[in-house]
Amino acid sequence: MTEARVLDPKSAAPQEPPQQRRNLDLRLTGLLGVLVVLCVVGYATRPDSFLTEANISTMLRLAAAIGVVSVGMTFVIISGGIDLSVGSIVALSGVWMTTVATQSYGPVVMVLCALLVGLGCGLVNGVLISYGKIVPFIATLAMYASAKGLAERLSGRRTQVVTETGFSTFFRGDILGVPVLIWMLAAVFAVGWVLLNRTTFGRRTFAVGGNAEAARLAGIDVRRHTALVYGIAGLCCGIAALMVVARTTSGASTNGMFYELDAIAAVVIGGTLLSGGRGSLIGTLIGVLIFTVVGNIFTQNNLDTDIQNIAKGVIIIAAVLLQRTTARRRGTRAT
Amino acid sequence: MPSLDRRRFLWGTTAVGTAALLAGCTSNESANTAPNAVAGGSGQNTQPGKQVTIGFSAPAADHGWMAAMTKNAKAQADEFSDVTFKATEGTNDVNQQIGQVETLINDKVDVLVVLPFDGKALTEVGRQAMDAGIPVINLDRVFDTPLAYRLWIGGDNYRMGVNAGEYIASQLKAKNITNPIIGEVAGIDSLPLTQERSKGFSDALAKAGFAVGPRVSASFTSESGEQQTANLLQSAPKLDALWNHDDDQGIGVMAAIDSAGRKEFVMVGGAGSRNMMDLIKADSGVVKATVLYSPSMASSAIALARLLGQTKGIGDMAEHDIPASITTYSAVVTKENVDQYLDVGFDS
Numbered sequence: 001m002t003e004a005r006v007l008d009p010k011s012a013a014p015q016e017p018p019q020q021r022r023n024l025d026l027r028l029t030g031l032l033g034v035l036v037v038l039c040v041v042g043y044a045t046r047p048d049s050f051l052t053e054a055n056i057s058t059m060l061r062l063a064a065a066i067g068v069v070s071v072g073m074t075f076v077i078i079s080g081g082i083d084l085s086v087g088s089i090v091a092l093s094g095v096w097m098t099t100v101a102t103q104s105y106g107p108v109v110m111v112l113c114a115l116l117v118g119l120g121c122g123l124v125n126g127v128l129i130s131y132g133k134i135v136p137f138i139a140t141l142a143m144y145a146s147a148k149g150l151a152e153r154l155s156g157r158r159t160q161v162v163t164e165t166g167f168s169t170f171f172r173g174d175i176l177g178v179p180v181l182i183w184m185l186a187a188v189f190a191v192g193w194v195l196l197n198r199t200t201f202g203r204r205t206f207a208v209g210g211n212a213e214a215a216r217l218a219g220i221d222v223r224r225h226t227a228l229v230y231g232i233a234g235l236c237c238g239i240a241a242l243m244v245v246a247r248t249t250s251g252a253s254t255n256g257m258f259y260e261l262d263a264i265a266a267v268v269i270g271g272t273l274l275s276g277g278r279g280s281l282i283g284t285l286i287g288v289l290i291f292t293v294v295g296n297i298f299t300q301n302n303l304d305t306d307i308q309n310i311a312k313g314v315i316i317i318a319a320v321l322l323q324r325t326t327a328r329r330r331g332t333r334a335t
Numbered sequence: 001m002p003s004l005d006r007r008r009f010l011w012g013t014t015a016v017g018t019a020a021l022l023a024g025c026t027s028n029e030s031a032n033t034a035p036n037a038v039a040g041g042s043g044q045n046t047q048p049g050k051q052v053t054i055g056f057s058a059p060a061a062d063h064g065w066m067a068a069m070t071k072n073a074k075a076q077a078d079e080f081s082d083v084t085f086k087a088t089e090g091t092n093d094v095n096q097q098i099g100q101v102e103t104l105i106n107d108k109v110d111v112l113v114v115l116p117f118d119g120k121a122l123t124e125v126g127r128q129a130m131d132a133g134i135p136v137i138n139l140d141r142v143f144d145t146p147l148a149y150r151l152w153i154g155g156d157n158y159r160m161g162v163n164a165g166e167y168i169a170s171q172l173k174a175k176n177i178t179n180p181i182i183g184e185v186a187g188i189d190s191l192p193l194t195q196e197r198s199k200g201f202s203d204a205l206a207k208a209g210f211a212v213g214p215r216v217s218a219s220f221t222s223e224s225g226e227q228q229t230a231n232l233l234q235s236a237p238k239l240d241a242l243w244n245h246d247d248d249q250g251i252g253v254m255a256a257i258d259s260a261g262r263k264e265f266v267m268v269g270g271a272g273s274r275n276m277m278d279l280i281k282a283d284s285g286v287v288k289a290t291v292l293y294s295p296s297m298a299s300s301a302i303a304l305a306r307l308l309g310q311t312k313g314i315g316d317m318a319e320h321d322i323p324a325s326i327t328t329y330s331a332v333v334t335k336e337n338v339d340q341y342l343d344v345g346f347d348s
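Chains as they are written, first to last, in full-length UniProt numbering: chain A, 1 to 335; chain B, 1 to 348.
Keep in mind that a hint or two might mislead.
[What the hints assert, rightly or not] Cut-off 25 Å, straight-line C-alpha distance, at most; resulting in silico cross-link-like pairs (DMTMM-like, lysine to aspartate or glutamate):
1. A:K312 - B:D189
2. B:K238 - A:D174
3. B:K263 - A:E53
4. B:K312 - B:E336
5. B:K263 - B:D278
6. B:K281 - A:E164
7. B:K263 - A:D174
8. B:K71 - A:E53
9. B:K238 - A:E53
10. B:K263 - A:E164
11. B:K281 - B:D321
12. B:K199 - A:D306
13. A:K312 - A:D25
14. B:K335 - B:D347
15. B:K263 - A:E152
16. B:K86 - A:E152
17. B:K108 - B:D321
18. B:K238 - A:E152
19. B:K173 - B:E124
20. B:K281 - B:E336
21. B:K74 - A:E152
22. B:K199 - A:D304
23. B:K238 - A:D304
24. B:K120 - A:D306
It is worth saying that the hints were derived from the structure and are not from the lab.
The shape of chain A in the complex, shown without the other chains (with noise of 0.2 Å):
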């Protein structure tokens, strides 16, 4: 059995074969076994406040900004890439939103400022990886130096507090009861899902992934879509350092360190390959939960942060390994 490979960018759904979607179905399980298994683990140890909807509003708006960057890293490692700018472009997004001169011209340019600077972002790592021809790694590897070199300069390695007070009245605010932040993520998620696995733009992402050239060949403009994946990628960590501003109330260089890796764990854990073609959103945002849901387990429980660490490494291991495994019992090859 090989890798699905969406060769025919003109044809109506995903072609996966059907044992190919069965593997992935049964990978998405057994994540979702996992997300379970640690919510009975926080809800036996704090069953007092675990699952109160005030803790599930706390972990779904800490997931927000990763969960959002992480979505932006699927379509990159699908389209057989990697990012790993988008902690350094997150601090960027926000230093620039949060500096000075442009929180004077009100809310409403603080957030383009935000967009547009994440997006360029990505686009100057598309373009550099697509039409350069450098390598998604070390053209991403110059982005994270610069975009955080950029943003030391922009704030002066100061925090930057947030002083235009509608901004954070919205951004930190609810509509129907529920914060704006965690619209957000279901918004991105949503867009993203619906990009992915129901139009074109999703297909020949899978297919770039897949085989490149065979890509190519079937007519699509494979520099273009990997410049265009990068954009996406860099517009996601602008709308996540909207959210980080809004958290903490300011922007700092500092933000967004380490999301490259958190992303790039989660998207794998959530059973996207690393070598492109292959992948689910779903699976990504399982990813991200189960990370927040033990960060939060170790909090509730007054436990070592230092062990959180630890307990992060494990259930990479061991996620990937339960994937393999229940596939292989499938009589199937994943990898």
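Place chain B on chain A using the hints.
Chain B in isolation, oriented as in the chain A frame:
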């Protein structure tokens, strides 16, 4: 392929246009208006004396407290007509900082003020300066051996914890709370300074018969402060008191408290930022106090470096020489005395 060329052109102009648009959206104009802390000083020592060149090396000003240290040192040096101030670019790379101190030694400065990124790693170069006959003032993070410095001046992390703990204990006792839930948002747990602060805090609480309840550690950034506190507040549906070790991460801590809409507890900050002092003064939220770990110590270090260079002692002390070590006091700043301390509050 003409269409491809056109596309290239469009990409190019889009990129240029985006950059131009973005450039219009921002400015790195600084909003710093708070005064720099300068040592009070009076008496004969303020009279101009022998010219002294002071070399200064510190880590990168990457958060409010560290930025204030460098700013205060410079502001203090500017106060003296008989001081030439040579500061190197702040760096968090110990290798580079060693190189900078070596450069200052080669420049034959009269006195060195060194705030090492890592005291252990900079010890050798401190010794090198002392061996070259340049007195070293070791600021804050202490060298491994007194052979590497003439004077150490720094804050008292243990006392910071003690004073936070004692203030909280007294507040709770005044309210007759017998079994309180006391939270703690620490800084980077692996640093000795965090461990000392936490030890002082739990020792002082133990003396009053209390103990630390939920505890998290952040990393001195507002983002980490927000994340850790959001979780902590969920784990403790009711709190009686909360101590946050660092006012820079306090911006995030306050944001989390604000989002959770919690106000049933007393909060104490750490270090003494302008921001926290304003909140204490306003007395409209949970923040009731902050325990100082004041960057004014950098101003004092420069004033003492000048005296060392001029071989003078400290007025009001019987000693002929500057003492070998000075520990600043972690005063508790509350609504009652905040006006007296606003001048040392730093911008976070």
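**Asked** Going straight from one Cα to the other, do B:K238 and A:E152 come out at no more than 25 Å?
**Response** violated (38 Å)
**Asked** When you check the alpha-carbon spacing of B:K238 and A:E53, does it fall within 25 Å?
**Response** Holds, because 16 Å separates the two Cα atoms, which is no more than 25 Å.
**Message:** Would the hint linking B:K238 and A:D174 be met if the CA-CA limit is 25 Å?
**Reply:** holds (23 Å)
**Item:** Restraint status (C-alpha distance of B:K238 to A:D304 at most 25 Å)
**Value:** holds (21 Å)
**Request:** Sort out whether A:D174 lies within 25 Å of B:K263, counting only the CA atoms.
**Result:** holds (19 Å)
**Asked** Does A:E53 lie within 25 Å of B:K263 when you go C-alpha to C-alpha?
**Response** holds (19 Å)
**Asked** Is the hinted pair B:K71 and A:E53 satisfied, with a Cα-Cα distance of at most 25 Å?
**Response** Distance of about 46 Å is beyond 25 Å: violated.
**Request:** Compare the distance between the alpha carbons of B:K199 and A:D306 with 25 Å, and conclude whether the hinted pair is satisfied.
**Result:** holds (18 Å)
**Item:** Satisfaction of hint between B:D321 and B:K281, Cα-Cα up to 25 Å
**Value:** Answer violated: B:K281 to B:D321 is near 40 Å, above 25 Å.
**Asked** Holds or violated: B:K199 with A:D304, Cα cutoff 25 Å?
**Response** Holds. B:K199 to A:D304 sits at ~16 Å (cutoff 25 Å).
**Message:** Hinted pair, alpha-carbon criterion (25 Å max): B:K263, B:D278. Please report holds or violated.
**Reply:** Within the cut-off at roughly 17 Å; holds.
**Message:** Does B:E336 sit within 25 Å of B:K312, going by the straight-line distance between their CA atoms?
**Reply:** Violated. B:K312 to B:E336 sits at ~37 Å, over the 25 Å cutoff.
Comparing the model with each earlier hint shows violations of hints 4, 8, 11, 15, 18 and 19; every other hint is respected.
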